[in-house]
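**Student:** Chain by chain, the residues:
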Amino acid sequence: MRILTLASRNVSRNWQRSLVTMLAMAFACLIMIFFASLMEGMIQGSERSVVSMNMGDIQIHAQGYRDDPDLYTRIDSADELVTRLQQQGYMASSRIYGYGLLAANMASSGVHLRGIDLKQEMTVTELYQHVGYGQWLVEDDSNGVVLGKKLAATLGVDLGDELVFVGQSADGYMANDLFRVRGILKSVSDGIDRMGMFMPMPTLRQLLVIPEGAHEIVVIRGDRTADLVAETAKVGGLVEGLIEEGAAGLEVKNWKQLMPVIARMIETADVQIMIMLVIFYIAVATVVLNAMLMNVFERIHEFGIMKALGVSPWQLLALVFAETFILTFIAASVGLAGGWWVSDYYRIHGIDLSSMASSISYGGIAFDPLWYAAITTEALAYPVIFLFVIAALAVIYPAVKAALLSPVKAIYYR
Amino acid sequence: MRTLCFLLAIFLFLPAVTAEALSDKERTTHILNRVDDLWRGDSSYAVVTMRVKTEHYTRTMRMEGWSKGKEKTLFRVLEPLREKGAMTLKSENHIYSYLPKTDRTIRLTSGMMMGSWMGSHLTNDDLVKEARLEEDYEASISFEGVRDGLDIIEFTLTPKPDAPVVWGKLLLTILADGYAPLLERYFDEDMALARTFTFTDMKLLSGKMRPALLRVVPADKPDEYTEFIYEQLELNIEVSDAMFTKASLKRR
Amino acid sequence: MNLNKLAWRNIWRRKRRTLITAFSIGFGVMLAVTFTGSGDYTYTNMIDTGASMGMGHVTVEPVGYHLKPTLDKRLHGVEMLREKIVALEGVSDATVRITGQAMFASARKSVGGAFIAVDPAFESEENNLLIRSIVEGSVFSDRAGRGIVIGSRLAKKLQVKIGKKVVYTTTDAEGEIVSNIARVTGIFTTGENTIDGIMALLPIASVQKTLSYAPDEATVIAVVIKDQRHAEGMRDKVAALPEAEAADVLTWKESQPDLAAVIAFDKAGNYISQLLVGLLIAVGILNTMLMSVLERTREFGVMMAVGMSPKVLFKLVMVESFWLSIVGLILGIIITTPWYYFLYNYGIDFSGAFGTDFSYGGVLVDPVFKARLFKESMMAILGTLFMLALLAGLYPAWRAGRVPPVESLKTI
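Residue numbers (this note's numbering), protein chains in the order written: chain A, 1073 to 1486; chain B, 124 to 375; chain C, 61 to 472.
In isolation and in its complexed conformation, chain A is listed as follows (with noise of 0.2 Å):
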């Protein structure tokens, strides 16, 4: 293709200006991805920190059990629903609920014990992560706990303190043991900070005298990109096959409808982005605009040679949009490549904001204090093709009008 040809020559000759035009729009290809990655990140991380921490995707409970956490409001068939689960693909794991007194040195205080299957429930949660001082729970050791932030400051207990717990077991019985301190939890959430005390399965089981059944049963999708909705819906399905035999229904529902408040924030966020992400189209738009404009309004004069060689006003725009697509193509691929490197850096080390707040949460949510950026395929296409759009657009007046004069005028044209 001659055309091409010509246009690549065109633009080795004019080098630096071709360098400066496409360093802009490289950097301005590079902002935008980044950008579109850091804020795909905050979401992402968001739904991570109310997903992973705590929440899982899906949660099932014996009907009513959330309206009124009644010790015997239990889902029997707890183990076999779990592991159809797993069969299915999905991960998921069973916890146990109970209230009682936990009391050290003078100080008690009401608590909500949690029992944790400590092997399935790393697989859902990341709870054993978020260990402040201590260490996470173990099957060895049996009566170490982990207790919440603030319960740890009201009590006035360190790692390795004497804890007493009172309670009512499931038969009615006095429940009352000794613990210890295994490790004490960052800020998660304010129910799990003031009340929260976690414990391995069995030794709430024993505790309490709940031989069997669970409370709640938290799922996670094998597939993370999977519908929410429709994953929801395929659990329902699974747990509606199970409990036909008879027994109490059972409750689905995912996170969203769990916490409405939480999921609709981050979708306004979703909105806000968006909005950003359009200021941020307007602000490169000017700047490819401008770098295209320049690059031929200047050559005008040029062209206008061109044109008294004989060029053909077609022959001229298909040079200029050539050209414009080489420098456009040059400058997306560098543009790419370095959003591309900026935004996978930032994913794996994220961006470190504990030294602005050491802990981030809200609507009772602990979020990460290190941000990190997440890349689709969006956030790195959009840009790319953004920018071919515009250097497109920008360069459409003054090819018609390079094209349109009369070959002197062109020569003169200032």
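In short, the hints are calculated from the structure, not lab data.
Accuracy of the hints is not assured; some may be wrong.
[Stated by the list, open to error] Dumping the calculated DMTMM-like pairs for lysine to aspartate or glutamate here, alpha-carbon to alpha-carbon at most 20 Å:
no.: 1; chain 1: B; residue 1: K369; chain 2: C; residue 2: E234
no.: 2; chain 1: C; residue 1: K128; chain 2: A; residue 2: D1233
no.: 3; chain 1: A; residue 1: K1306; chain 2: A; residue 2: E1152
[What the hints assert, rightly or not] Which stretches of chain C does chain B cover? Using the computed rule of at least three CB atoms under 8 Å from a CB of chain B, they are:
no.: 4; stretch: 161-169
no.: 5; stretch: 234-248
A virtual CB, placed ideally from N, CA and C, is assigned to each residue, including glycine.
Mind docking chains B and C on chain A? Use the hints.
**Tutor:** Chains B and C alone, transformed into the frame defined by chain A:
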């Protein structure tokens, strides 16, 4: 335990000796005062079986209890083995719980007051408040005569305006002859029945015929109940004050 | 030759280019004003709302109360201290309160919660969010009476209505379990579930009596100040009072770390976005100036040949950058003013998207997107953009001064 003490109080009830020349109000006060005085001024020892039935469990527990005056009560579990030795001490406004399994004593906080006592239908708060019946309520005789074939006296206890009680009123029915209690009903502020205490099974205890069975039924769960059955009762025995201290809990 | 004049003429030789560049600077101004302004407005709003939730902008409390809030810790001589604080410059209000945990019970149910004991004479809709959010009934008028104002969710759990009895039980200064009775005079709905589910307002003198506190003892003096940005300064001023010697004085950042963290996080996000936009604009300016220098290579060559020093050329291009950014900033002010006026007075109503009970960091947020720019922020925006523009001009100016004369004349 409030009921237990109340029960003790009722047992100690002396049949009205010379109540004829008194006005209604004075008579009421007179009767209730004697209840209080007798109950408070003396000490007691009792062995009681508690039976609790709820939707989820039925359990039986045997325990012994001491009381001295109005403010001091101590209970120790005898059976079942699993809880043997567990103690509850009520002294003034405090409730201490001694746990043999952990060998620790815990003082219940304000947050635990509304919790169930020993898995029964009574709350820890009932334990604290039992001694304050007279302080907290205004009593009057609201019915006297024959009802359902029994000659009875019915007292209405209305909480004083500044009394920290949640109830709207209490209705206490006793037999006019011998003043044995029959029925005690608790109403909420909308005057809907909240729970009923019934006293039955007259038996000779500590030299007198007294109702040996007390049953508590919550109004919203008519199938559930807590029963207290008296096996033994001794009055005016020697009990030292030291027994009702936190320090003594561990030693027993 | 006057360098200024020359530069001014130079930048207008290419009107279109200059205007587009100026527009991108102006756009930057508008953007920065919008985001910084909405930040200034929202944060101030959140901080002020947070302050009206009980602790004020600056909190005076007993030593150690913050970490372990038990009622045996208390302040003495609070009335004196309060008067001293109110007299301080910049304080708009100071209220004495007792905050604590309590068990609330009705005949139906008992629920754990928290109370703020207040003196109705000093509380108003302005300094107390709970009073501002009353939906039914009103606040009690007697500081020694038996009124209680409770959250709507708490009322629902207890199954009580206006006029009904609530018994509150708590642990007093000596560790005794104490309880008292109150009748519901008002019910509030803030929209924040936790607050509506556990909080109650009680009359302070009754609570003092219940807890066996002396009449001038309390746990908190909540200080509301006129400008939230001066919280640190106010804390130091209050802490310096001789009456406050035996007390801890905290700012809202310390008493409400969650809120502080949310704001810090949001600010960080905002600044990163603005920084990236700023970088883009700077690259735009760099591009323009570099282009204009490159296309004038020959011209500069001639100028050098006739005896202009590279230094002068450097200066010339810098002055061009200077004028370009001035034009951009002026353009920015022109397009931003009506926009800011609109945001300042009307705002964009997001309540359709957010709902009216939108809370963030435990603090309710106004769903209307408004902007209020602090003077300092305005100066910072203009200053930063101006500096960016000049920085972007540095490299092109250096290039201009570096052109070798003979070679440059050879190019077309």
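**Student:** Hints first: check each against the structure and report whether it holds.
**Tutor:** These are the hints, each one checked on the structure:
With a CA separation close to 17 Å, the supplied pair K369(B) and E234(C) stays within the 20 Å bound. Of the supplied pair hints, the one linking K128(C) and D1233(A) holds, its CA atoms being roughly 18 Å apart against a limit of 20 Å. The straight-line distance between the Cα atoms of K1306(A) and E1152(A) is roughly 17 Å, inside the 20 Å bound, and the hint therefore holds. Given as covered by chain B, the stretch 161-169 of chain C passes the check, having 7 residues with a CB less than 8 Å from a CB of that chain where 3 are the minimum.
Counting residues of the stretch 234-248 of chain C whose C-beta sits closer than 8 Å to any C-beta of chain B gives 6, which meets the bar of three, so the coverage hint holds.
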